[in-house]
Each structure stands twice: as C-alpha cells, then as structure tokens.
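Each chain is listed here by its residues.
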Amino acid sequence: MFQNILVPISSEFYSKDVIKRSILLAGNFSGTVHLLYIIEEKPLHEMERRTDTHLTHYNRTETHHDVLNQQRQTADDLIFQDAQHRLHKKNIDMQTTIMQGEFSDAVTTELNNKQYDLVIMGYERGCMIDYRLINELDVPVWIEAGGHHESILAVCSNLAPNQKVPELSIELAKKLDWDLKMIYVTDVEDNVEVDEQGNRSNPKPLHELLFSRQEFIEHMQEKGIAVKTVEGSLQKQSIKQARKMKAGLVIIGREQKKKGKLGLPVKKVKQKMAERCKYSLLFIN
Amino acid sequence: MIGILLTAAILWITEPIPLAATGLLIMILQPLMGIIPAEEIYSTFGNQAVFFLIGAFIIAAAVETHGLHRRIALKFLKHFENTPRKFTFGIMLSSALLSFIMPEHGVAALFLPIVTSILLAMKIIPKESNFGKVSVLSIAYGCSIGSLGTLIGGARNPLTIGFLADAGITVTFLDWMIYAVPVVVVSLPIVWFILQFVFPIEINDVTKAKNEIEQQVAIEGHIKKEEIIVLSVLVFTVFLWIFFSHYTYFGLAGIALLGSILLFLTGSITWKDVEKKVPWGIIVLYGGAITLGLGMQQTGAGSWIAQNLFEMMSGNVLLIIFSLILFTVLLTNVMSNTGAVAVLLPIGFAIANEIPGISPLLSSMIIALSGGLAFIFIIATPGNAITYSSGYFSTKDLFKAGTLANFACIAILFIIAIVYWKGIIGL
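These protein sequence lines map, in sequence, to chains A and B. Take the first sequence: its letters are residues 1 to 285, numbered as in this note's numbering. Take the second sequence: its letters are residues 286 to 712, numbered as in this note's numbering.
Bear in mind the hints are in silico, worked out from the structure with no lab data behind them. Everything numeric in this text was worked out from a predicted model, so none of it was measured. Just so you know, even glycine gets a beta-carbon here, dropped at the ideal spot from N, CA and C. A hint or two may mislead.
Per label pair, the in silico range of CB-to-CB distance [as the list claims (entries may be wrong)]:
hint	chain 1	residue 1	chain 2	residue 2	range
1	B	Val-602	A	Lys-246	57 to 63 Å
2	A	Arg-49	B	Gly-352	51 to 57 Å
3	A	Gln-95	B	Leu-291	51 to 57 Å
4	A	Asp-17	B	Ile-454	57 to 63 Å
5	A	Gln-115	B	Leu-291	54 to 60 Å
6	B	Ile-454	A	Gly-101	31 to 37 Å
7	B	Asp-490	A	Gln-73	34 to 40 Å
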C-alpha cells in the first residue's frame, strides 16, 4: 500500500514525529523513505526585499549565500543524519534530496519525477509554507501531528464518493493493528452528493441525503463495520469526533465541500482542517 | 502636505516600491504640488547629518572589508561561553555593542552565520530548540536595542539630529549617548530575561559552542596590519566624535569624513569596497525623510495634527509622552524604522511647540528611540527578516517574544523619559 514514501521537510518547519511515522509505515509496508529537504525561497525573498535599502547588493548576496549554506548543512548534518540513524536501525532504505524553491512546487516536481504512494509531512501555521498541495495532489497526504493513540477514525460523508476511505481504512487498521471507527457526516451546510468521479450533484433535500447514508451504513455492516452517524459541518464534526475518540489518525477522502454556513462559499477546507485538528490526518486524494 | 505624509506612510508600510524610491517621491511631490520651492527642498539634502551618514558608512565598510567586525564579535563571544544562558546574553550584548559602531542591519548579517555555525556544531535543530530560538532572536533584538545607543546604529538617529539642527538645537555624539545609553543598559537585560522566560533553554552544555568559537578564532589568526589601521582610525574617529563634535567648524560630518579619508590615505579601503558595502539607498531615504519634516513644519501641517492631538488628550503631558511612545512603536512595527521616525518627528516637534512641559528635544528623543523598538514582525526591521531567514524561529515565536519585549521597552522608555530625561537632565 505505502511502499514509496515521500517525506518533504521544509526549512521552515521540521518535526521528528514525521520521521518516526514514516519509519513505522515503511517498516510495516516494507517500503523506502525519500527525504526531500526544501529550502524555502520565500523567507529569503522577504529578507532581500526588506533589506534592499539597508544593505548593498553585495551584502545581500553574501547573506543569501550564508543562509543557503546554513540550510544545506542543517539538512545534511542534522536532519538527514538523524533520520539515517533511525532508519538504519530498522533496516529501511533511505534516499535524500535537497531542493530550493517553494514547498508545494517542490513536492509536485518530485512527484512528477518519481512514483510515490504516500506523502508524509508536518503542519505548522506560524511560518511561510504554502500548503496548497493538500488540495492539489493525487497521492494520499498524511499530516502527522504526533501523539501515541493507536486508532483510526474514517470519515465518510455526503460530500465524498466514499470509495477509497472505507477500503483503505480497513486495510490500514489491519496492517497497523489499530482500532477502526467510522463515521458518516451528513453535511447540512452543503447538501449535495458527490459521485465516484468526484462530481457534485444539485442540492438535495435532507431525506434523500439520509437515504444515501442508510445505504452506505448497510453496505458497511455487510463488511462488519459499524458506522456512527452525525449531522452538521463536515470539518467541525470530524474534529469533534476525533477529539471524542482520541483518534491517532483521521482519514478523510475526496471531499468536495464548496459551501459553508448560510450557504456561503468555502475554500481550502482540508487546509483549514489541518490547521485546526490536533490529530494526524490522512487525506486520500 | 498631510496627503504627502499619508502617501509616504502608506508606501513605507506596503512597500510597492523600494523605501529609497519613496524618499525620492516625497522630494519631488512637494515642489510639484507647489508646497515648497524646488531649490529649498533639494538644499535640505546638504544637511550635515547626510555627510555624517556617508562617512560612518565608509568607516563601517572598512571594518567589514577587513573582517574586523567578525574578530570583535568572536572576541566578545569568547567571554560568554560558560553556560547556555550566558552564551545567549553574550550574543545579545555583542550584537548591541557592535551596533554602537556599525549599522544594525550589517551587524545582524554578520552575527547570523557566526551563531548558526555554532548552533549547527551543537546539533541544534531549527525551530525545535528553545536555545536556537533565543540565540537567533538575541541577534535581532540585540541589534535593535544597540542601535539606539549611538548615532551610527540606525539612520533614524542622524535623521533626528539633522531635524533638530534645522531647528537650531545641537545634539553632539556624546549628548546622544548620554540620553540613549541608559535605555540600552536597562532594556538589554530585561529583553534577554523575557526571551529566557518565553523560551526556557533546554540544554546545559555548551562545550561544542566553545570549541566552535575557538575554531573560528583560530581561523581568524593573528590580527593583521590593515585591521590594526582600521581599528585605530575607528577609535580615533569615535574619540573625536565624543569630545570634539560640538565644535562648529568640525562637527559630526567633518569627523566622519576625516576618518574615511584617513582610511583611503592608508590604503585600508578602496572606492570599489565603498561601492560594494555602502548602502546608498539609506542616504536617499534619509533625504526624502528630512524634506518631509521640512514640509510638515513650514506648511503648519504638523501643528494642525498636534493641535488635534492636544485637544484629544487635554494637554496631559504624561499621557502625551506615553501615546508618542506607543504610537511610534506600533508604527515602527509595520513600516521602515526611518520612515516611522520621519513621519512622526514633525508631529512630535509640533506637539512640543503646542504643549508646555514637552520640549522639541524630548519629543524627538522619544520618537527616535521608540522608532528602533521593532520586535514583533518580520517586516518591522531588516534585522528581523535577516535572522528569520535562518529558520530557527517562527513568526509565532517572534510575535510572542516581540510583544512582551515591546511592552517592557515601552514601559522602560516611558519611565526614562519622565524620570531621567525630563526630571534629571531637564530635556
């Protein structure tokens, strides 16, 4: 399932939990880990812009080089070495690359160059990383938040095809030997249904949404999975249920939520969830 | 004129064009709009403080060219390698002291590679370690606080004395130090303590830092002849600034330029070095800033703003002093320090004329020193942006520590303004 794991680490944010999680998964799936260290250009550009009047071009170039050297050394001497040490103990193969650019662009470039099954990364608000890749990538994106709970919360809803999430959750729970709990959120803010191709239907009355939900529950019961039903906002309910059951991982599928409170348009739903959720998230894109 | 002031403020905040270009825009807008004749506007550029800045920058360029600043920085740091806390205080103190004799942004750019190489040797992981955060933030805050101490640290200081000189008030190099050094002496340990409080240091051993500093000192080798010459000229110039800058026929600029010429004569610096290391943009920014002040004064725009402020605050001197500090600190956190001081100096000056109990010198010192206290955002000062690029602290960290540091410094400056400047010195 997750043989080729890409671990992008930004110069803006590094979390050891991400390395630990990639080791756990690579160990369970006999996979390899590819560490991609991205030297973010935005802070460097910001630094150059802020100093253009105060430092000469020569001084700015010198400082730019100093920072780049320090970032490369940080990657080589600290982050890669530390990961190498941990992975070597578990006999896991590791590859490393240093790239300069913008986080989402760098990850996309790497994914275009090589086939990966999973991207594992951290999430930090107080920095200059653009996390738009969460919405853009086709491969699953695991956002590691640390924590030690060994349980999975699979989130299904009227806003997703609900094909990959149940399948992958069951397989992952079995492989990792974690508890699995599944919820079905009927999102009352955006009352549409999403088909297998990810297309949104026209708005539907609540009873039709509940009928589809019942169909899904019965389908899951056949597989021996109990589904808890909740109604409300997809984001809020997912986070609330994750907190209630102390989930180690929340799995979310190809949700196509476009409307929020009072039917107002919403954007970057997954990014916002990553910002607010204290538990690890796996977006099956 | 108020329109030009607002335009300048908006451009200095949003920076769609370089800060220096806004300086030029201010200069051309005033004659174009018929506010002040062109000849008068451009003649303000001939201010003594402009040439003081040029001379000081040339001397700083010589210091940089021969790596004397690096040697001084390492010598300082060597005295603080016993414990992690002392080490971070050493970084802060060294950055501050070096900002007494060099522009603060240059000091930040110098200290960053020194400190990060030490952190790398200590295997300190960026953003994860509080020691890393405190070390790098100590550079940013040390430079900002140190730049208040003398006329060289930040361009806003010569801007202030230039402004005061136009009004017939002379402030010598020594006078400035007498007014400003106590602020540095009090603020530095308090801000350092705040950093320790916000980010408690998690390590105990600094042996690796010690080894790295020793290694870097060894790489520097023995002091070279050129470094001795530059150091001698620097000491000589500072000596003249302190003791002779009040002579009319000598002055701050004369001494700065004399120091620069001595460096050229001894072959310690070439024009190529000057081209490489002197940030002419600041001189242009300065030019624009001083003409803004002139326009505000001559048109009475400054008085108009001051009068409104005076009415709002019912002439309460303490409240006005506190508001001046608070407003300058807020403004300097969202725009260029020099820009903030340039915008507020004419208003502060007018306040002094309107309100008994506040002298032009007092209001100018309040604005000039508050203008250096930009701790909260990356955009606040180049020193913050330079150190942020290392990746050792986040914007959240800067905000957390910076807000507390700013509150503390506002209180310190307020007390010093009331007790020391107004009460003891009688500004």
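Do Asp-490 (chain B) and Gln-73 (chain A) keep their Cβ atoms within the hinted range of 34 to 40 Å?
-> violated, 21 Å
Could you see if the CB distance from Gln-115 (chain A) to Leu-291 (chain B) stays within 54 to 60 Å?
-> holds, 56 Å
Whether the CB-CB distance between Arg-49 (chain A) and Gly-352 (chain B) falls inside 51 to 57 Å | Cβ of Arg-49 (chain A) to Cβ of Gly-352 (chain B): about 27 Å, so the range 51 to 57 Å is violated.
C-beta pair Val-602 (chain B), Lys-246 (chain A): status relative to the range 57 to 63 Å that was hinted | holds, 58 Å
Status of the given 31 to 37 Å range, CB of Gly-101 (chain A) versus CB of Ile-454 (chain B) = At roughly 52 Å between Cβ atoms, Gly-101 (chain A) and Ile-454 (chain B) fall outside 31 to 37 Å, so the hint is violated.
Asp-17 (chain A) and Ile-454 (chain B), beta-carbon distance inside 57 to 63 Å?
-> Hint holds: Cβ distance 59 Å, inside 57 to 63 Å.
CB-CB spacing for Leu-291 (chain B) and Gln-95 (chain A) relative to the 51 to 57 Å hint = Since Gln-95 (chain A) and Leu-291 (chain B) have Cβ atoms about 55 Å apart, the given range 51 to 57 Å holds.
In this structure, the hints that do not hold are numbers 2, 6, 7, in rising order.
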